[in-house]
Amino acid sequence: MILAGAGRRIAAGLGLLTGIWALAPAPVRAQVVDDTIPADSVRDTTDYTARFLQERERATVRTPVLPRLSESGPHVPSSRIVFTRDSIEWGNAVTVGDLLQHVPGVYLWRGGWFGRPEPVSYQGRGTSSAEYLVDGIPWVAAGADSLSVDPGLFSTSFLDRIEVERGPGRIRVFLYTRRHDRLAPRSRIGIARGDQDFARYEGSLERRSRSGLGVVLAADYLSAPTATGTSSSYRNTQVWAQGSYLPSERFGIQYQLLRSRPDRRPYATLDRTTGLTDTIGLGYKATRTDAQFRIHVGPQLDGPGRSLDLIYARTAWDGSGIDQQINQLGGQLRYRAGTFGAGASAFYRTRWTALDVRGNAGWTPSAAISFNGEAVLQHHRGGRTSRYVSASAGLAPVPGVALTGTARLGRDVAAPSILTDSAQEIRDYELAAGWSRSRLGLRLAYARTSTFQPYSFPEFPRVAALATAPRTTWLTASARVAPLRWLSLDGWYSDPRGTLTPDGLPPTHSLVAATLRSKFLRQFRSGIFDLELRLAMESWGTGIIGRDIDGAPIRLKGATFLRTLIQFQLQDFIVFWDRTNLTGSDLTYVPGFDLLSYGSTFGVRWQFLN
1 MILAGAGRRI
11 AAGLGLLTGI
21 WALAPAPVRA
31 QVVDDTIPAD
41 SVRDTTDYTA
51 RFLQERERAT
61 VRTPVLPRLS
71 ESGPHVPSSR
81 IVFTRDSIEW
91 GNAVTVGDLL
101 QHVPGVYLWR
111 GGWFGRPEPV
121 SYQGRGTSSA
131 EYLVDGIPWV
141 AAGADSLSVD
151 PGLFSTSFLD
161 RIEVERGPGR
171 IRVFLYTRRH
181 DRLAPRSRIG
191 IARGDQDFAR
201 YEGSLERRSR
211 SGLGVVLAAD
221 YLSAPTATGT
231 SSSYRNTQVW
241 AQGSYLPSER
251 FGIQYQLLRS
261 RPDRRPYATL
271 DRTTGLTDTI
281 GLGYKATRTD
291 AQFRIHVGPQ
301 LDGPGRSLDL
311 IYARTAWDGS
321 GIDQQINQLG
331 GQLRYRAGTF
341 GAGASAFYRT
351 RWTALDVRGN
361 AGWTPSAAIS
371 FNGEAVLQHH
381 RGGRTSRYVS
391 ASAGLAPVPG
401 VALTGTARLG
411 RDVAAPSILT
421 DSAQEIRDYE
431 LAAGWSRSRL
441 GLRLAYARTS
451 TFQPYSFPEF
461 PRVAALATAP
471 RTTWLTASAR
481 VAPLRWLSLD
491 GWYSDPRGTL
501 TPDGLPPTHS
511 LVAATLRSKF
521 LRQFRSGIFD
531 LELRLAMESW
541 GTGIIGRDID
551 GAPIRLKGAT
561 FLRTLIQFQL
571 QDFIVFWDRT
581 NLTGSDLTYV
591 PGFDLLSYGS
601 TFGVRWQFLN
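No gaps in the numbering here: position 289 of the sequence shown is 289 in the working numbering, and each next residue is one more.
You may find that some hints are simply not true.
Straight-line distance between alpha carbons at most 16 Å, and here's what the computed EDC-like set of lysine to aspartate or glutamate pairs gives [to be verified]:
(1) K519 - D572
(2) K285 - D318
(3) K519 - D530
(4) K285 - D323
(5) K519 - E532
(6) K557 - D586
(7) K557 - D594
(8) K285 - D263
(9) K519 - D86
(10) K557 - E538
Computed beta-carbon distance windows for the label pairs [unchecked claim]:
(11) F520 - R56: 20 to 28 Å
(12) R58 - R85: 19 to 27 Å
(13) E55 - D323: 45 to 53 Å
(14) V401 - F568: 34 to 42 Å
(15) G305 - S231: 51 to 59 Å
(16) T84 - T339: 23 to 31 Å
Honestly, the hints are just simulated from the structure, not real lab data. Note that beta-carbon positions come from the ideal geometry of N, C-alpha and C, so glycine has one too.
Make a model of the complete structure from these sequences and hints.
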């Protein structure tokens, strides 16, 4: 009965709806008159093919850019190692310090995984091992690193070219920011992730116009949470902004700003015997700002002629109880004519080194002979003076063969920021012979460095000092072999000869790598595909890293580390996978600062003109 009642109610409802539908008026059909709706309101009329071809044409139009601010004279053969943008993109390098590891004789004081300090030690000179210049302007040490510069803080994404000048007892690193010389804008994005929540994000936009205006905006963020120890995290946000105006072929102005906000936590370990936490690496949180303003008069291209650059630079450091400002004011005059070049620069600084005057010249009277020299005069606070000259000569008796000799003589203050540090006598010499062909390259260098009292790196307080380095003879060999177009082997070996090895780096240090790189042109005739497989091995013997607070030696154990890189490129899109410490070794570059076993990073980079 319940079902029958429900059926009657449903039937009545359907009858009511039918009656309502019958009483409703018939629908009115809309009438559309032809051509009353504009055609372009319903159809996209953009000619994408024309726009694409227009952008392709703009990408071939060159626009003027300021020349690189560098030394004027020609250099002797094999005196510099050059890392182009291709080398930076395709090398096993996360930071500039990572890249400098490929320079023969360089030992990095790695303070753990990525984001920890990576100062350079070279031929027993401690904090005086390396000098850095960014776009030709000296990058002064400031704040927590007032004794030396940590190359691990430099972002490789901002750089277009790195030149490393090798000399006895010191290297000079010239960092050049990216230069966009095309009318089409250039964009870049990059995303990387890794173990222990490692993250890196980068992006940039560069644009130039026919009127001479140019703008660059770029940013790089790196986060490396604690991977070893109980505390070792690191974060850094870096920003690069540049504006330029070149209204004529012989005049231009440029302003650029580099700002970084490193947040490096102290490196702490747990003492298993006492259960207490021990801080063995210093940390800080700060903001460093470097501004440069440059006026250029002279040829815009790196060619012959006279040029003058007036420069103002300002460095500011604020953080961890340190507030510093360093102003630089000066200029550079250059002359270049075919086989000869000369230049002079002078800077006044408001801190530590009040006056920095340099002169350089280079001459290649023939294809087989070359000369290069530099004289430096620096007045430091406290009445101290650095005064030295460097001279090089090169001989190329036959194509591919180069014989070079370099000498550096004078007096040098190792730590201008320490008022009690006085000038030391330097007598450094180097002889090198090299042979370079398309499939084979060899270089053998013999150097002798004088007695020197170096300073230890302040980021590692347990290594309180370095012993006085005795007069030392250094033997360094490097080689490159490419038996096939797509296969190459390269490496270097450094060994201080004698009974005593200077503190700060190990003896018998070497780095070798095997690289397979091919574009598979038979399958990809356009060349848009590129593949690289790389395996590198770094090894060294047992040595002394430095001295503790009581003067006792701190032993550095011999170690071997393996690292691999897999990377491929499709047009302008790059995918990579990088893995360090493949053997899971518990050995270290600096005692106490552990490395992550099998640490991996992977990501993508994409650069395009649009």
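Contradicted hints - numbers only: none
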